[in-house]
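With chain Y's structure known, arrange chain U on it following the hints.
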Amino acid sequence: MSSPHDVVISGIGLVSCLGEGPDAHWQKLAQPGQQPVLEAARFAPYTVHPLPEIDWNLQIAKRGDQRQMETWQRLGTYAAGLALDDAGIKGNDELCSTMDMVVAAGGGERDEAVDADILAASESRNDRDVLLNEKLTTELRPTLFLAQLSNLLAGNISIVHKVTGSSRTFMGEEGAGVSAVETAAARIRSGQSTHVLVGGAFQTEHSDMLLGYELAGYLHRGPWKPVWQRQGCEGGGVVSGSGGAFLVLEQREHAASRGRKIYAELGPVVSGRARRRQGGLDAEIAAMLKRAAVPNGELLALSGASGAHAATSAEKAALDAVEAIAARGFATLTGHMKEAQFPFAVALAALAVDRKAAYPVFDAAAERPFAGVPRSVLATAIGYHQFEGMALVNAA
Amino acid sequence: MANLRDHMGRPIVAVTGIGVVTSLGAGKSDNWAALTSGKSGIHPITRFPVDHLNTRISGMVDFLPSSSKGASPLTYELAETAAQEAVAEAGLNSGDFGGPLFLASPPVELDWHERFSLYNSDKQDSGTERLLRVARRLKELDIFETTQFGSIADRLADRFGTRGLPITLSTACASGATAIQLGVEAIRRGECDRALSIGADGSATAEALIRFSLLSALSTHNDIPEKASKPFSKDRDGFVLAEGAGALVLESLEAALARGATVLGILRGCGEKADDFHRTRSKPDGSPAIAAVRAALADAGLSKDEIDYVNAHGTSTPENDKMEHLSLSTVFGERIGSMPVSSNKSMIGHTLSAAGAVEAAFSLMTMREGVIPPTINYDNPDPAIMLDVVPNKKRNAEVGTVLSNSFGFGGQNTCLVMAREPV
Numbered sequence: 358m359s360s361p362h363d364v365v366i367s368g369i370g371l372v373s374c375l376g377e378g379p380d381a382h383w384q385k386l387a388q389p390g391q392q393p394v395l396e397a398a399r400f401a402p403y404t405v406h407p408l409p410e411i412d413w414n415l416q417i418a419k420r421g422d423q424r425q426m427e428t429w430q431r432l433g434t435y436a437a438g439l440a441l442d443d444a445g446i447k448g449n450d451e452l453c454s455t456m457d458m459v460v461a462a463g464g465g466e467r468d469e470a471v472d473a474d475i476l477a478a479s480e481s482r483n484d485r486d487v488l489l490n491e492k493l494t495t496e497l498r499p500t501l502f503l504a505q506l507s508n509l510l511a512g513n514i515s516i517v518h519k520v521t522g523s524s525r526t527f528m529g530e531e532g533a534g535v536s537a538v539e540t541a542a543a544r545i546r547s548g549q550s551t552h553v554l555v556g557g558a559f560q561t562e563h564s565d566m567l568l569g570y571e572l573a574g575y576l577h578r579g580p581w582k583p584v585w586q587r588q589g590c591e592g593g594g595v596v597s598g599s600g601g602a603f604l605v606l607e608q609r610e611h612a613a614s615r616g617r618k619i620y621a622e623l624g625p626v627v628s629g630r631a632r633r634r635q636g637g638l639d640a641e642i643a644a645m646l647k648r649a650a651v652p653n654g655e656l657l658a659l660s661g662a663s664g665a666h667a668a669t670s671a672e673k674a675a676l677d678a679v680e681a682i683a684a685r686g687f688a689t690l691t692g693h694m695k696e697a698q699f700p701f702a703v704a705l706a707a708l709a710v711d712r713k714a715a716y717p718v719f720d721a722a723a724e725r726p727f728a729g730v731p732r733s734v735l736a737t738a739i740g741y742h743q744f745e746g747m748a749l750v751n752a753a
Numbered sequence: 109m110a111n112l113r114d115h116m117g118r119p120i121v122a123v124t125g126i127g128v129v130t131s132l133g134a135g136k137s138d139n140w141a142a143l144t145s146g147k148s149g150i151h152p153i154t155r156f157p158v159d160h161l162n163t164r165i166s167g168m169v170d171f172l173p174s175s176s177k178g179a180s181p182l183t184y185e186l187a188e189t190a191a192q193e194a195v196a197e198a199g200l201n202s203g204d205f206g207g208p209l210f211l212a213s214p215p216v217e218l219d220w221h222e223r224f225s226l227y228n229s230d231k232q233d234s235g236t237e238r239l240l241r242v243a244r245r246l247k248e249l250d251i252f253e254t255t256q257f258g259s260i261a262d263r264l265a266d267r268f269g270t271r272g273l274p275i276t277l278s279t280a281c282a283s284g285a286t287a288i289q290l291g292v293e294a295i296r297r298g299e300c301d302r303a304l305s306i307g308a309d310g311s312a313t314a315e316a317l318i319r320f321s322l323l324s325a326l327s328t329h330n331d332i333p334e335k336a337s338k339p340f341s342k343d344r345d346g347f348v349l350a351e352g353a354g355a356l357v358l359e360s361l362e363a364a365l366a367r368g369a370t371v372l373g374i375l376r377g378c379g380e381k382a383d384d385f386h387r388t389r390s391k392p393d394g395s396p397a398i399a400a401v402r403a404a405l406a407d408a409g410l411s412k413d414e415i416d417y418v419n420a421h422g423t424s425t426p427e428n429d430k431m432e433h434l435s436l437s438t439v440f441g442e443r444i445g446s447m448p449v450s451s452n453k454s455m456i457g458h459t460l461s462a463a464g465a466v467e468a469a470f471s472l473m474t475m476r477e478g479v480i481p482p483t484i485n486y487d488n489p490d491p492a493i494m495l496d497v498v499p500n501k502k503r504n505a506e507v508g509t510v511l512s513n514s515f516g517f518g519g520q521n522t523c524l525v526m527a528r529e530p531v
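Taken in sequence, the protein lines are chains Y and U. Quick note on this note's numbering: the first sequence kicks off at 358 and runs consecutively. Quick note on this note's numbering: the second sequence kicks off at 109 and runs consecutively.
Be careful, since some hints might not be right.
Claimed, not checked - Derived pair list, reagent style DSS-like, types lysine-lysine, alpha-carbon separation capped at 27 Å: (1) 231(U) x 582(Y); (2) 582(Y) x 519(Y); (3) 231(U) x 492(Y).
Said to hold, decoys possible - Here are some of the chain Y residues that sit facing chain U, going by a computed Cβ distance under 7 Å: (4) 507; (5) 516; (6) 530; (7) 571; (8) 572; (9) 574; (10) 616; (11) 744.
As the list claims (entries may be wrong) - Coverage of chain U stretches by chain Y, computed from C-beta distances (three or more under 8 Å per stretch; other residues unrestricted): (12) 222-231; (13) 256-264; (14) 319-326; (15) 376-388; (16) 515-528.
These are calculated hints, taken from the structure and not from any lab test. A virtual CB, placed ideally from N, CA and C, is assigned to each residue, including glycine.
In isolation and in its complexed conformation, chain Y is listed as follows (with noise of 0.2 Å):
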């Protein structure tokens, strides 16, 4: 039964090395065998799944703007703007000035030179906070500051797309990105917004970004493999993507008062917190499973499993121990997108509503064929190393 408060999603904004926008992405996604966009060498023994080509004149038209980011903040800016102009709201003052934002963010862009002179200069001598002073001083472009902070990209979002309605930036990886949408949602839901924007960005191909994953060495070395086919392998089971997903998320009646297509209803949104180190995780996800009040019968879900090994395999034995979900690790021709995983698992599950069709498999060796029409589709994201979270997205 629909009510007038319903969440509904109205706007989708998607880019990944599979290419940009919902379209792009379900063509590719719906045809079966399609096979990962992956680079090996860059980073390795480390495989990315890269950014696709993007023309950033099409969403951020000053090339000052442009120029006062790096790739990240440019790269969720220009997710934001797809997810705008798919709502048909991007250039609507009215609605811009009015709309609620929340953004999943990390940090941005280290300069890699200037930290590569800092550790090689560091060799030859002891006085390591001087020589920090003496070459951050002077080597360090003064706006890259502003390129690096984790507001800075719902900052640009403001400038850029001029959405000024409220301004937040959720940190704390995949974490981020479901509290984002769990508190979007609650604020429409309880009547404090109409339309918000929602979603993030990551962009791996830099070091630093893979550094924050290998401190715990999570990041799966030698040949690609699909998520599910991780364990045992070398190193610790993650590939991670370059990406963004953005969300318009708006109430019912305001969507259909715009007269605007619908592609599917925001059902619950659930978080959780396990203790881990306790081995908590597969009790957590099963119990959040039923707070997400999944439907009987055939589900799909689309899974934003890591590969992480630990993690990964909870999820897989939590959602095995349910027959009827068929899920589809979406990772597994994305990479990880860290904070963006949640807000592209529930676009992606918004898509298969509105086509009315299920994702073939992205691997026959560990997941099952779906058939019929998904009125109902899971998105999860459990963090490769802490927080996980689910919604349930649900025929418009």
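Below, chain U without anything else, positioned relative to chain Y:
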């Protein structure tokens, strides 16, 4: 029987616990004594060498065990210290808080000392290739966790037994206020009876200082550190980088009264508005800050004549103070000349991600104590922005309502309205 719902029918949100740490000390009593006697916590930097630096002063917190251990450990300890004080004052079980956690904290990065030590533990290759190879051989998670944006909140959630997935947020220099706003909103939506909102920032590293310095944001008045932060003065030349933490236990008034808790104040309203003008500068007409103040008043159900005192953002940068004056005078009209408006930052510097929470804590104490902390170093008033800044000496005053402003890079504007008593 107190009214338990506000003018919009939402649960009224009470404050039942307050905690604070700044360069003036740990805890409310030390801070309040210093703040009301006009004492500055700004001092020369000793944590790292200051060779080549234009700014050599700060409001760092140098007295905690983690003060020399890097941004992540110090931010955690600041948050924990403030939260412990708040939760204890609220009379709640400090290991089983039973409500969500909202943490405003700085973005994290691998500390340079770790970078150096990882790099120099090996000789093969160079640059990040070497770092990555060393990284994957690490056996402990300690360094890794300092680079995860959710880890400080995860540890705090364990420490205090908060419920659910903790939210870590950044709205730059408005972060602390946003953490409080998120707590208020969760209670108003009926998601919980209580929330723990913390703003903490222990990120005053050399690199942070240099980054702000390269943007010409910092004061370079190094010679007399305690005189460097001079909000609303003609010769103000930038903010003073500082550290600290503020924590509030927020509770629905109904739940607070039901368990017999002491109500320390009311979080009446929150307002925000993003600015689309520039990454570091505000729209020249001040309209986003004006809109944020007005949104906070409307949310609180108060008219502009019902605010007794403004706890200013007052950073001591030429740009902020001018813009804040413009927005306040636009909202409050002629009355602004006779309204007390003071800046805690004149004494504690700018605690960045913590500022909104630290200053909310001080705003609540201002009402409870009936004493307005001064704006110190107000020796050369800026004639273009004449305000009653409560110059140099504290003032005894009945304060029933406070507006606290927080503005940040990236067009962030968040304002809180607090009251001494429920309606």
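Compare the structure with the hints numbered earlier in the document and write down the numbers of the violated ones, lowest to highest.
1, 2 and 10
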